[in-house]
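Got two chains here, each in a separate frame; can you build the complex from them with the hints?
In case you want the letters, here they are:
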Amino acid sequence: MYGKGLRTLSIATVVAFAVSLSLVFFYAPLEADQGFIQKIFYLHVPLAISALLGFIIGGAFAVAHLRTDNRKWDAYSYVAIHISVIFAVGGLLTGAIWAKASWGHWWVWNEPTLVSFLIVFLLYSTYYPFRYAIEDRDRQARYASVFAVTAGAFVPLNFLAVRMAQSLVHPRVFATAEGGLPGSMLLTFLISLIAIALLWVTLVKFELVAKSASGQVRRLRRALDAPGPASTSRIAPEVH
Amino acid sequence: MLALLAATPALPLDEAGKYVAGAYIVFVLVLLIYVGIMASKLQRIEKELREVANIAEDRAVAKDQAAPGSATEESSISDSLTSQVRGGGAA
Chain A
164 MYGKGLRTLS
174 IATVVAFAVS
184 LSLVFFYAPL
194 EADQGFIQKI
204 FYLHVPLAIS
214 ALLGFIIGGA
224 FAVAHLRTDN
234 RKWDAYSYVA
244 IHISVIFAVG
254 GLLTGAIWAK
264 ASWGHWWVWN
274 EPTLVSFLIV
284 FLLYSTYYPF
294 RYAIEDRDRQ
304 ARYASVFAVT
314 AGAFVPLNFL
324 AVRMAQSLVH
334 PRVFATAEGG
344 LPGSMLLTFL
354 ISLIAIALLW
364 VTLVKFELVA
374 KSASGQVRRL
384 RRALDAPGPA
394 STSRIAPEVH
Chain B
118 MLALLAATPA
128 LPLDEAGKYV
138 AGAYIVFVLV
148 LLIYVGIMAS
158 KLQRIEKELR
168 EVANIAEDRA
178 VAKDQAAPGS
188 ATEESSISDS
198 LTSQVRGGGA
208 A
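Chains as they are written, first to last, in this note's numbering: chain A, 164 to 403; chain B, 118 to 208.
Any given hint could be a false lead.
As the list claims (entries may be wrong) - Covered stretches of chain A, going by a simulated chain B footprint (3 or more residues, C-beta under 8 angstroms): (1) 200-207; (2) 243-253; (3) 260-269; (4) 372-378.
To be verified - Only part of the chain B face toward chain A is listed, based on derived beta-carbon distances under 7 angstroms: (5) Ala140; (6) Val147; (7) Leu166; (8) Ile172.
To be verified - Simulated restraints, written as ranges between beta carbons of each label pair: (9) Ser288(A) - Leu166(B): 15 to 21 angstroms; (10) Tyr190(A) - Leu166(B): 45 to 51 angstroms; (11) Arg326(A) - Leu166(B): 48 to 54 angstroms; (12) Leu149(B) - Asp232(A): 35 to 41 angstroms; (13) Asn171(B) - Val178(A): 39 to 45 angstroms; (14) Ser288(A) - Leu149(B): 19 to 25 angstroms; (15) Arg161(B) - Ile297(A): 19 to 25 angstroms; (16) Arg300(A) - Ala138(B): 43 to 49 angstroms; (17) Val178(A) - Ala184(B): 53 to 59 angstroms; (18) Val271(A) - Leu166(B): 46 to 52 angstroms; (19) Ala184(B) - Ala223(A): 49 to 55 angstroms; (20) Ala183(B) - Ala181(A): 58 to 64 angstroms.
No wet-lab data here; the hints were simulated from the structure.
Being a predicted model, the structure only gives us computed values, none of them experimental.
Heads up, the beta-carbon is just placed ideally off N, CA and C, and yes, glycines get one too.
So here's chain B without its partners, still in its complex pose (with noise of 0.2 angstroms):
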């Protein structure tokens, strides 16, 4: 890589350098600014999904507090809540 990059011509980076060098910076700003957007909504997201992922696991222990030994039934109240929403497409 270091080799092709020696062997590659020299840019003329005088003034136009300037601005080219801005114009592609600016591309590059504004993909970044983006990306932060989408990560910090991705975030968001991750905290509601434990929120919920909280709120089914207390509703599997009260289920196991209220009739103890439906081992089955429990285990499977994720499923029922996937299966709940299946089918759905974008908000």
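Next up, chain A with everything else stripped away, as it sits in the complex (with noise of 0.2 angstroms):
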């Protein structure tokens, strides 16, 4: 059920990223300031953009949870933003490998958008263990949509605040009075905005078809386990 265009998707984020890189280290031209180094650009931005986004459907996701009580838009959830937190840590990493080629330190506390990014990341890496400290599953998966949802609401919030306050080192590439991008730079970034949006989506479905799979099969053990011929059970029971 969920690997329907899963193959499709897989080709078109491969494509994507070759289309993408191919830009990046041929078209688009080397920036006068940072020179070769701001190829990370390319990389580190949508990565984060993509994490953040992802957050915000994983706590949209969460609300068509709460409202409908339908599980699958919990798992959703949970798998938006699973795959959120894994581009989030490459968002942080990349950054941290920009700003030690850039600014000579792999992390500046007193950067409002580095330690902004940073608190949204820890609160997200707190979702497991507050998940799993549930055993019960309907409890846990409403109280992790709760999660997801007020979460999700904070990280705009959060960008809002931080667009607002005062940079001291992070760049601020968009929507400047300057004008922001040439063209050749904002086309290639958009083409690996893509392609990593391409990379958060086949994820997602990735894994949905892992947990649909494992689920199916945790079906058919208990429809085995139920009172049969021969009805000697050799299956272990079910733990969450």
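Given below as structure tokens:
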């Protein structure tokens, strides 16, 4: 069910990545101030944007779960947050490398953009222990959805607060008074963003397929555990 | 492809190059770690599925021994199991 279109999506992701990397290294001009180091921008920023949007999407799925009580939406929300956390790790690591190359430090604590992203990442890192600390599956799903909605609402508020803050060193690339990125860089950035977004969707779908398969196997086990002929079961009880 | 690569300008892989390469390698490594974890999960699912299939086959054999000659019913055991789980969503 969830595997439908996964192959096409995977191919589209690979093609988008090939085009994106070609544009990054062979089309986009070198930035006048930072030079070749600025190429990290085409990886770091799409990863961070995808992660933040993924957290918001996870919150939207959680709203759907709370409204309909359909466990499917809880699974969607969990997977969206899970993949976004992985993307956030990628964003933090690539950002640290860029910071070291550009500013001479792996991390700058008085920079609101960096610290706020770290806070969002740490917030969502608590999602897993919070979720799995609850044994009852219905309560687990409901509480996790409440967490996802609350944290998902925090993400855009946090983003706006950071945009309004006075940045010390982190560049404000978009919507600046100077006009932002030149056309060739903007095109390369948008293609990179599409490639990373496609990767996010592909991984979400892939994870959903794996979770669905795992769920089907568990249901089969339960069906086999039901009393029937030769009912000595070799199946261990399910542990959540 | 080789001709295309030969025609492309050389990348300025000086001091900045190692940082750019590092960032992209880190991204690939994060992806590979994720794929590795997913591979181990899929292996576990496959193992569980094999166990379930073995149990279903054992039951089919046991049923066959209990009531010989009911071939049609025996062959539909796996079908009936899948029909019981039909309509299942994500875990």
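Hints, verified against the model:
Counting residues of the stretch 200-207 of chain A whose CB lies closer than 8 angstroms to any CB of chain B gives 5, so the stated coverage by that chain holds, three being the minimum. With 3 residues bearing a CB less than 8 angstroms from a CB of chain B, the stretch 243-253 of chain A meets the requirement of three and the coverage assertion stands. For the stretch 260-269 of chain A, the stated coverage by chain B is satisfied: 4 residues place a CB nearer than 8 angstroms to a CB of that chain, which reaches the threshold of 3. Given as covered by chain B, the stretch 372-378 of chain A passes the check, having 6 residues with a CB less than 8 angstroms from a CB of that chain where 3 are the minimum.
Checking Ala140(B) against chain A: minimum C-beta separation of about 4 angstroms stays under 7 angstroms; hint holds. For the restraint placing Val147(B) at the interface with chain A, the shortest Cβ-Cβ distance is roughly 5 angstroms, inside the 7 angstroms limit, so the hint holds. Taking 7 angstroms as the C-beta cut-off, the interface hint given for Leu166(B) holds, the closest approach to chain A being about 5 angstroms. Contact between Ile172(B) and chain A, as hinted, is supported at the beta carbon level, the nearest pair being about 5 angstroms apart and thus within 7 angstroms.
Look at Ser288(A) against Leu166(B): about 32 angstroms separates their beta carbons, and that is not inside 15 to 21 angstroms. At roughly 47 angstroms, the beta-carbon separation of Tyr190(A) and Leu166(B) lies within the given 45 to 51 angstroms, and the hint holds. Taken as a hint, the range 48 to 54 angstroms holds for the pair Arg326(A) and Leu166(B), whose Cβ atoms sit roughly 49 angstroms apart. With their beta carbons about 38 angstroms apart, Leu149(B) and Asp232(A) fall inside the hinted range of 35 to 41 angstroms.
Restraint check, Asn171(B) to Val178(A): a C-beta distance of roughly 41 angstroms satisfies the suggested window 39 to 45 angstroms. Between Ser288(A) and Leu149(B) the CB atoms are about 21 angstroms apart, so this pair conforms to the stated range of 19 to 25 angstroms. Between Arg161(B) and Ile297(A) the beta carbons are some 23 angstroms apart, a value that agrees with the proposed interval 19 to 25 angstroms. A hinted range of 43 to 49 angstroms for the beta carbons of Arg300(A) and Ala138(B) is consistent with their spacing of about 45 angstroms.
At about 56 angstroms, the beta-carbon gap between Val178(A) and Ala184(B) stays in the expected band of 53 to 59 angstroms. Between Val271(A) and Leu166(B) the C-beta distance comes to about 50 angstroms, which sits within the given range of 46 to 52 angstroms. A beta carbon spacing of about 53 angstroms between Ala184(B) and Ala223(A) agrees with the range 49 to 55 angstroms that was offered as a hint. Distance hint check for Ala183(B) and Ala181(A): the Cβ-Cβ separation is about 59 angstroms, which falls inside the suggested range of 58 to 64 angstroms.
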